[in-house]
Amino acid sequence: MSQKSQSKITVFHCINVFGDGDALPAVASASGELNFIKLPCSSMVKDVFLMRAFEAGADAVVVLVCAEGACRYVEGNLRAKKRVAWIKALLDEIGMDGRRLALFNVAAGDARSAKRFIQEALSVAAALGPNPAAARSRSDVALV
Amino acid sequence: MIVGEQKPISEIKQIIAPYQKVLILGCGTCVKTCFAGGEDEVAVLASALRLVCKTEGKRIEIEEQTVERQCEDEFIQESAQAVSRNQAILSLACGAGVQAMARRFTTAPVLPGVNTTFMGVLEKPGLFTEECSGCGDCKLAVFGGICPFTRCAKKLLNGPCGGSQNGHCEVSSDIDCAWHLIIERLKALGQMDNLRVYLPPKNWAASLSSGPRKLIREDHML
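From first to last, the protein sequence lines stand for chains A and B.
Residues in the first sequence are numbered consecutively from 1, following this note's numbering.
Residues in the second sequence are numbered consecutively from 1, following this note's numbering.
Next comes chain A alone, as it looks inside the complex (with noise of 0.2 angstroms):
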């Protein structure tokens, strides 16, 4: 299907999933472009940086967050699930649809469950089709 292979997918995620010395889940580059950007903690996933990542052109956002109950900060990854609720909610308002983002929890390291979610990212935005902001040309709005 050549939307999937041409998806764009930006994953936030928290340094204690995935660290510096750890693999981030390889995810053949056929199905996708993937973008990986780290926080200190899923927490700092504030809202503007998702809506930022679709207006660079995503087609889908991923939020990697450690387990319930697993967080170094306790409840910064129930902050980052509220929030992502809340984009998504804005999501669907302005016709993006919410479906385009989405969170997973994962435990430290695990790169096989991460590829997993990754790789269901990718289904859910071949089957949503591109990004409707991003199907036009960057240069037909100008931004300020």
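Bear in mind the hints are in silico, worked out from the structure with no lab data behind them.
Positions of the beta carbon are idealized from the N, C-alpha and C atoms, including for glycine.
Honestly, I wouldn't trust all of these hints.
Claimed, not checked - Computed footprint of chain B on chain A; a stretch qualifies when at least three of its residues, placed anywhere within it, have a C-beta under 8 angstroms from a C-beta of chain B:
1. 45-57
2. 97-108
What the hints assert, rightly or not - If you want the footprint, here are the derived chain B segments under chain A, 3+ residues with CB under 8 angstroms:
3. 7-14
4. 39-49
Given chain A, work out where chain B should sit, using these hints.
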């Protein structure tokens, strides 16, 4: 603080539809605290509107700025240059801020992006509750610091209605009975005799019912 909530994107889209260059102006005081119009909310709204416009193929330029307080001329002057660069201002301040901007910038359309809701407090993270109606004739000293005019659904000033159950209002079980709270509070303070104090009919002339109010402090005027 003044509590408000951002208007739905569909309404904001409609409000800004005639314009191609829009300044989204946040306010860094009350509406920032209630997550309606601070710097972060300006950024998210700007991003959402850009995405919507790109999706719909509409050309728009959005500039973002946040000033400390939109209800004071001294602070809103900082936005003068940004205002001059744009066709309209979408203010994420309360209604007072929107009107202060409109007064300051007489030729620029100033549009509201927030529904100003009430004067209240942050009861716990994410929960804002209305506590004051700004009636201009405060009797909180008698009521143990709990306002029956604002917090009683029936606005009773002379004791409970008798319809509350387990400390909750009969209008809605989500509402605490203000008179239950007042009596509990006065008991704790040992001031139950306050309920025997004769209060003359409330002076509603000091409230908004008599039209927009002014507070004049001659000692601060030059």
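Item to complete: Return the numbers of the hints above that this structure violates; sort them in rising order.
Response: Number 2 only.
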